[in-house]
Structure formats: structure tokens, C-alpha cells
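From first to last, the protein sequence lines stand for chains A and B. Using our numbering, the letters of the first sequence map in sequence onto residues 1 to 165. Using our numbering, the letters of the second sequence map in sequence onto residues 1 to 232.
Hints may contain errors.
[To be verified] Reference excerpt, derived from the structure (chain A facing chain B, CB under 8 angstroms, subset only):
{"id": "1", "residue": "40"}
{"id": "2", "residue": "46"}
{"id": "3", "residue": "47"}
{"id": "4", "residue": "98"}
{"id": "5", "residue": "100"}
{"id": "6", "residue": "103"}
{"id": "7", "residue": "107"}
{"id": "8", "residue": "115"}
{"id": "9", "residue": "130"}
{"id": "10", "residue": "131"}
[Claimed, not checked] Beta-carbon label-pair distances, calculated as ranges:
{"id": "11", "chain 1": "A", "residue 1": "55", "chain 2": "B", "residue 2": "159", "range": "41 to 51 angstroms"}
{"id": "12", "chain 1": "A", "residue 1": "114", "chain 2": "B", "residue 2": "107", "range": "21 to 31 angstroms"}
{"id": "13", "chain 1": "B", "residue 1": "87", "chain 2": "A", "residue 2": "130", "range": "36 to 46 angstroms"}
{"id": "14", "chain 1": "B", "residue 1": "86", "chain 2": "A", "residue 2": "55", "range": "32 to 42 angstroms"}
{"id": "15", "chain 1": "A", "residue 1": "114", "chain 2": "B", "residue 2": "131", "range": "51 to 61 angstroms"}
{"id": "16", "chain 1": "A", "residue 1": "108", "chain 2": "B", "residue 2": "57", "range": "29 to 39 angstroms"}
{"id": "17", "chain 1": "A", "residue 1": "46", "chain 2": "B", "residue 2": "210", "range": "21 to 31 angstroms"}
{"id": "18", "chain 1": "B", "residue 1": "64", "chain 2": "A", "residue 2": "69", "range": "35 to 45 angstroms"}
[Claimed, not checked] Okay, the calculated bits of chain B under chain A, using three or more residues with CB under 8 angstroms as the criterion:
{"id": "19", "stretch": "175–188"}
{"id": "20", "stretch": "205–218"}
Derived from the structure by calculation, the hints contain no laboratory data. Just so you know, even glycine gets a beta-carbon here, dropped at the ideal spot from N, CA and C.
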Amino acid sequence: MANEKQKTDAPNEAVDLNRRQFFVKMGAGSLAVAGLGGCVFGLQYLAPSVLYEPSPIVNAGRPEHYPIDSVTLDPRFGIFVVRLQEGFYALSAVCTHLGCMSVWKPEAGVIACPCHGSSFQRDGSIIAGPAPRPLPWLKMWLGDDGNLMVDRAIMVPSQNEYVRV
Amino acid sequence: MNKSVNPPAEHAFRNPIRVLARWREEFKEIFAARVHESQLGFRLTWYLGALTLGCFSIQLITGILLMLYYHPSIPQGYADMKDLQFVVSSGVFLRNLHRWSAHAMVFLVFAHMAKVFYRGAYRPPRELNWVVGVCLLLLTILLSYTGYLLPWDQLSYWGTTVGSHIMSSVPVVGDKSSFILLGGHGVNANALLRFYVLHAVILPLAVIMLVGLHLWRLHKDGGMHAVPTEKP
Numbered sequence: 001m002a003n004e005k006q007k008t009d010a011p012n013e014a015v016d017l018n019r020r021q022f023f024v025k026m027g028a029g030s031l032a033v034a035g036l037g038g039c040v041f042g043l044q045y046l047a048p049s050v051l052y053e054p055s056p057i058v059n060a061g062r063p064e065h066y067p068i069d070s071v072t073l074d075p076r077f078g079i080f081v082v083r084l085q086e087g088f089y090a091l092s093a094v095c096t097h098l099g100c101m102s103v104w105k106p107e108a109g110v111i112a113c114p115c116h117g118s119s120f121q122r123d124g125s126i127i128a129g130p131a132p133r134p135l136p137w138l139k140m141w142l143g144d145d146g147n148l149m150v151d152r153a154i155m156v157p158s159q160n161e162y163v164r165v
Numbered sequence: 001m002n003k004s005v006n007p008p009a010e011h012a013f014r015n016p017i018r019v020l021a022r023w024r025e026e027f028k029e030i031f032a033a034r035v036h037e038s039q040l041g042f043r044l045t046w047y048l049g050a051l052t053l054g055c056f057s058i059q060l061i062t063g064i065l066l067m068l069y070y071h072p073s074i075p076q077g078y079a080d081m082k083d084l085q086f087v088v089s090s091g092v093f094l095r096n097l098h099r100w101s102a103h104a105m106v107f108l109v110f111a112h113m114a115k116v117f118y119r120g121a122y123r124p125p126r127e128l129n130w131v132v133g134v135c136l137l138l139l140t141i142l143l144s145y146t147g148y149l150l151p152w153d154q155l156s157y158w159g160t161t162v163g164s165h166i167m168s169s170v171p172v173v174g175d176k177s178s179f180i181l182l183g184g185h186g187v188n189a190n191a192l193l194r195f196y197v198l199h200a201v202i203l204p205l206a207v208i209m210l211v212g213l214h215l216w217r218l219h220k221d222g223g224m225h226a227v228p229t230e231k232p
């Protein structure tokens, strides 16, 4: 009888140990899954799904307001509207270095960034400074109402065709 | 010893003063129960850690007071900052105290690190406390950076724009982290609110917890005693 009890106890002990290990593993595993899930949900929560930011499409006004051979900064939108003999194009005024707004220096004929001294030609190409990329050309078209429209979210290859009026 | 200092719970409940009397015992790891006079000398630490903590206390007090007048919204934040300077009684004093104490704290935390480094006080058994200290240094810089946006003037706007662009230049995760930090594609209302919450809640709580850990480890690791130098 005692022998029998011992026999039944021995496997039970092994099962107990295994069960404990099993539950520890289960617990640690579910905590890990919950933690990972929490991270994923947390990151999703932190990244806003709806933004109330200004539209990337902006109205740059009547073409005749821009004289020929001019570079005009619109600080509201962070763009340059450039008018040459060949036509119009839009250039981002956001410096490609660290995002400051660059300005047109008519006396030097260059676009210059006040923050870290990058300078650009009026076609956006780099003259000097830490900027890693030229200022991008932005998509521009003539709207139905005769105003120049610019989509700041769409970059076009530089020396793209000019908008003619 | 414990028996004499820790009265039975019911006793403590009846006489709360007794609990107060036990405080020194409860917190002896943070405020050392015995301090040798030589440890309090100026030479060992130049009091840089204590001065940093003092600056942080000034930041907490003035910061909480400034919160009473500041709304983290556009353009109200800027107007509130101007009101604090020109309208609120003692506002300009509190704001400048907050500002200069912040500058001093960044300077002192660096000086504290340098002093610990050149004294070799980071060596065993104080490695963990050095790591905690580095975390506190990073938190101080983050506090400084997040507080910089709150006045919502040109300097803060462009400073934060540059800072977030530095973050986006990190490979692979840069753009996403900048998006999450700012809550948008640029520095705007979401960014101001996020920086406010970080500056006024999350980062100070983290600093308070780590300072507790820092002081506890300081005394656990033998206080400010000079580390016995190994003869070369």
C-alpha cells in the first residue's frame, strides 16, 4: 500500500515541477505578448490618425503679380515662386539641411538659409553650405480660375518644364 | 534595533508622531544616518550634485507656478508667456528664475559628470550609479529641449524645427519617430501639446524617480567616501 502511494507520488512530483515550469513559461510568454502588443498599440496611439494641418495644395495667386526674372518667397507656404523668361516654377523654401526657411537675396542673386549658411542657385542647386540636397521643385499648375497652384507634397524633377501662362 | 524603532502597527496608528519619528530610519538609505565630517568637505564633490538637485527643486517650484498661467495652445502660449513677463505680478521673476535655473542645471549636471569622471568616482562599486547619472543627464537635456518650445516664439519654433529634422535624419526610423514626437509633419499645435506634457509631467517624474535611485545607490555604494585608490 505504502509502496503504491510512493509510486503514485513520484510521477506526481515530476508533473508538479513540469506544471510549475509550464505556468512560469506561460506567464512569461503571455506577459511578453502583452508587452509587445502594448508597444504596438502605444505607438499606433501616439501617431495621430487625423491631422488638422494645412493642405499641401496652396494658391500662389495671379501669375501677373510676379515680374519676369523674379524670385518671390511666400513665407506663409514656405515656397519660392520663380518667374523666368521661359515661364514659372515653384521651389520649396524649406532648407534641405535642417528645415529652416531660406530667403532670396536679390543683391547676391542666391537663395540663402539663415540657420547654418547653406546657399542655393535660384534653380535650387547647391552653391555652398551643409545642405545635402538641392531645394526640390514642386508641382505647379495653372488653376481653372487663372491662379497659380502649387502642391507642396509632390516634388518634380528639377529643370522640369516650366508653367507657361 | 528594529524592534525599538518600529513600534507595533496599532501603536503607530494611535500616535502618528511615532511614524514621523521613524522617518529617519525609513529613509536612512537616502539620507545617510551617519555622515563623516570629511565627506561633507567641499573638495570631494564641489557640491555639484547637491547644487544640481537644488536647481531641479527650483525648476519644480517655479514650473508648477508658471503652469498656473500657461495654456499649451496656439497662439495662447505666446500671449501667456508675454503676460507672465509684463502683466502677472512677479511673473517675470518666476519665468527668469525658471530659465536661468534651467541653464544652470544643464551646466551643473555636466560639471558634476566631469567631476565624477576626473575623480574616478564611476569605478566599482559605483558603475550602476554612473549609468543612472548618464540617464539623468539625458533627461536634463530633454527637459531643456522640450521647455524651449513652450514660449512659442520664433526662436522656439525654429529651434524645435531644427531638432526634429535632426531626429528625422536617423536612418529607417527617423521620420516615424519625428512624426510621433511632434504628432504631425511639422511643429504645430500637436507638437506644442506633446512637448508640454513631456516637459511638465513625464520627464520630471522620470527625473524624480531616477534621482531617488541615484541617492539610494550613492549611500548603498558607500556614500561620498573617496574610493581607495589602487597603487599602480
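Quick rundown of the hints versus the structure:
1. At its closest, the beta carbon of residue 40 of chain A sits 13 angstroms from a beta carbon of chain B; the interface hint therefore is violated under the 8 angstroms criterion.
2. The interface hint given for residue 46 of chain A holds, since its Cβ lies 5 angstroms from the closest Cβ of chain B, which is under the 8 angstroms cut-off.
3. Among the interface hints, the one on residue 47 of chain A holds; its C-beta lies about 5 angstroms from the nearest C-beta in chain B, closer than the 8 angstroms criterion.
4. For residue 98 of chain A, the suggested interface contact is upheld, since its CB lies about 4 angstroms from the closest CB of chain B, less than 8 angstroms.
5. About 6 angstroms separates the beta-carbon of residue 100 of chain A from the nearest beta-carbon of chain B, less than 8 angstroms, and the hint is met.
6. With 8 angstroms as the threshold, the beta carbon of residue 103 of chain A stays out of range of chain B, its nearest partner Cβ sitting at about 13 angstroms, so the hint is violated.
7. For the restraint placing residue 107 of chain A at the interface with chain B, the shortest Cβ-Cβ distance is roughly 24 angstroms, beyond the 8 angstroms limit, so the hint is violated.
8. About 6 angstroms separates the beta-carbon of residue 115 of chain A from the nearest beta-carbon of chain B, less than 8 angstroms, and the hint is met.
9. Hint on residue 130 of chain A is violated. Least Cβ distance to chain B is approximately 11 angstroms, over the 8 angstroms limit.
10. Interface restraint check for residue 131 of chain A: the shortest CB-CB distance to chain B comes to about 12 angstroms, outside 8 angstroms, so the restraint is violated.
11. Roughly 26 angstroms separates the CB atoms of residue 55 of chain A and residue 159 of chain B, a value that falls outside the hinted 41 to 51 angstroms.
12. Between residue 114 of chain A and residue 107 of chain B, the C-beta spacing of about 27 angstroms keeps the proposed range 21 to 31 angstroms intact.
13. Here the CB-CB span from residue 87 of chain B to residue 130 of chain A is close to 42 angstroms, well matched to the stated 36 to 46 angstroms.
14. Checking the proposed 32 to 42 angstroms range against residue 86 of chain B and residue 55 of chain A shows it holds: the Cβ atoms sit about 36 angstroms from each other.
15. Range check, residue 114 of chain A to residue 131 of chain B: Cβ separation about 40 angstroms, and the 51 to 61 angstroms hint is violated.
16. In this structure the hint that residue 108 of chain A and residue 57 of chain B lie 29 to 39 angstroms apart at CB is violated, the actual value being about 51 angstroms.
17. For the pair residue 46 of chain A and residue 210 of chain B, the beta carbons lie near 22 angstroms from each other, so the given range of 21 to 31 angstroms is met.
18. As the Cβ distance of residue 64 of chain B to residue 69 of chain A is approximately 57 angstroms, the hint placing it in 35 to 45 angstroms is violated.
19. Requiring three or more residues with a Cβ within less than 8 angstroms of a Cβ of chain A, the coverage given for the stretch 175–188 of chain B holds, as 8 such residues are present.
20. Given as covered by chain A, the stretch 205–218 of chain B fails the check, having 0 residues with a CB less than 8 angstroms from a CB of that chain where 3 are the minimum.
Going through the hint list in order, the structure does not satisfy hints 1, 6, 7, 9, 10, 11, 15, 16, 18, 20.
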